[in-house]
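Enquirer: Letter by letter, the chains look like this.
There are 2 protein chains.
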Amino acid sequence: MPTLYTYFRSSAAFRVRCALNHKGIAWTPEVVWLLTEEQRSDAYRATNPQALVPAFIDDDGSRLAQSLAIIEYLDETRPGPSLLPADPLGRARVRSLSLLIACDVHPLNNLRILKYLKRTLGHSQEEVDAWYRHWVAEGLSAYEAELADPRSGRYSHGDAVTMADCCLVPQIFNAQRLKCPLDAYPRTMRVFDALMALPAFDAAQPSKQPDAARATS
Amino acid sequence: MPTLYTYFRSSAAFRVRCALNHKGIAWTPEVVWLLTEEQRSDAYRATNPQALVPAFIDDDGSRLAQSLAIIEYLDETRPGPSLLPADPLGRARVRSLSLLIACDVHPLNNLRILKYLKRTLGHSQEEVDAWYRHWVAEGLSAYEAELADPRSGRYSHGDAVTMADCCLVPQIFNAQRLKCPLDAYPRTMRVFDALMALPAFDAAQPSKQPDAARATS
Numbered sequence: 022m023p024t025l026y027t028y029f030r031s032s033a034a035f036r037v038r039c040a041l042n043h044k045g046i047a048w049t050p051e052v053v054w055l056l057t058e059e060q061r062s063d064a065y066r067a068t069n070p071q072a073l074v075p076a077f078i079d080d081d082g083s084r085l086a087q088s089l090a091i092i093e094y095l096d097e098t099r100p101g102p103s104l105l106p107a108d109p110l111g112r113a114r115v116r117s118l119s120l121l122i123a124c125d126v127h128p129l130n131n132l133r134i135l136k137y138l139k140r141t142l143g144h145s146q147e148e149v150d151a152w153y154r155h156w157v158a159e160g161l162s163a164y165e166a167e168l169a170d171p172r173s174g175r176y177s178h179g180d181a182v183t184m185a186d187c188c189l190v191p192q193i194f195n196a197q198r199l200k201c202p203l204d205a206y207p208r209t210m211r212v213f214d215a216l217m218a219l220p221a222f223d224a225a226q227p228s229k230q231p232d233a234a235r236a237t238s
Numbered sequence: 022m023p024t025l026y027t028y029f030r031s032s033a034a035f036r037v038r039c040a041l042n043h044k045g046i047a048w049t050p051e052v053v054w055l056l057t058e059e060q061r062s063d064a065y066r067a068t069n070p071q072a073l074v075p076a077f078i079d080d081d082g083s084r085l086a087q088s089l090a091i092i093e094y095l096d097e098t099r100p101g102p103s104l105l106p107a108d109p110l111g112r113a114r115v116r117s118l119s120l121l122i123a124c125d126v127h128p129l130n131n132l133r134i135l136k137y138l139k140r141t142l143g144h145s146q147e148e149v150d151a152w153y154r155h156w157v158a159e160g161l162s163a164y165e166a167e168l169a170d171p172r173s174g175r176y177s178h179g180d181a182v183t184m185a186d187c188c189l190v191p192q193i194f195n196a197q198r199l200k201c202p203l204d205a206y207p208r209t210m211r212v213f214d215a216l217m218a219l220p221a222f223d224a225a226q227p228s229k230q231p232d233a234a235r236a237t238s
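Respectively, the protein sequence lines represent chains C and U.
Take 22 as the starting number for the first sequence in the numbering used here and just add one per residue.
Take 22 as the starting number for the second sequence in the numbering used here and just add one per residue.
Copies of the same chain are indistinguishable here, so a pair counts whether it falls within one copy or spans any two.
Straight-line distance between alpha carbons at most 30 Å, and here's what the computed DSSO-like set of lysine-lysine pairs gives:
no., residue 1, residue 2
1, Lys136, Lys200
2, Lys200, Lys139
3, Lys229, Lys200
4, Lys229, Lys136
5, Lys44, Lys229
By construction, these hints were calculated from the structure, which means they are not laboratory data.
Whole structure, please, built from the sequences with the hints as guidance.
Expert: Shown next, in the form of structure tokens:
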């Protein structure tokens, strides 16, 4: 069974959990405790030289890093519902929506960035929260505009779940946790609600991961 | 002829220029003046709802956003040297290296972020430069570690140019412009030098774009 190096609240790991579950791939979680920066340890670097979560170890021992690269790999090597459309333009659109979240929202609000703002630059929690909400608002406004495209449907692209949906859901979870206002994104939230009604996405959420208990214990 | 919405110093546009040139695709530049935030205008949003550079308009009028999505689309729809390996594991590695730059380095050092640090948070140029260098060092250390993998060769993955190389070159240009120390990354700089010896990459660099003159005039 393949192994996913994960942390319950990691947005990038959450994306891969959605993809694994949606494709019906059984997997073993290996928890990397970000709060103590376990991802920067030599042991973890031997698994993932990029020193970030997630990492994926396939049955043959192949090691992969970066959530979107892992999802595309799963899609190329496993049966089950495809997370990318069959046509190049559709694939480009799904990748573009995925990258909007993965490049232009999430990296700015990653734990290591918030730590730098707080510890190195000495910002207050209020200033850090304002930073967080600013980039969420920028990104979700763009996502909402993209969803006006008639190619969007029940989900971000058409009526089948795609990689873009795997990126969207964790970002909305983060936004909700930081109490970002979401009323301005009705199309986005409709897609989010439809996705969360799927058992595969529901089971991937942070509170349902084995390490969630460790955080609150 | 397809159109690329570009800005000479945009790292993401630079990636696509490398890909277009390397694949031998003729293209027309349409300059988006980031310094006056032209990318946020209603006119540009009609082309790219994400309000970021680059955007790509294909001959049939199809509009694409996000540099990596554009590059993968070009690779899937055009002849010429492929920017992704033929095997799923190789593709995953190239995507992973690309995303390391595109998600974990570049977004943190984008013009809009530096502006926020300076104007909204009131940081000095020195503090902004330290921020910039910090994330470059984090990212390039990881890239250097990745290049120890025997699958790396003359370029980031083997001896053929890939999408990862299209991401690496603009990031090194940015690092050099901000005077980031690069001595600690000999493997990375060897690959960079090999890439810059290619006419396709040389022609894609900021100083050789038509809008470079406008910036200094």
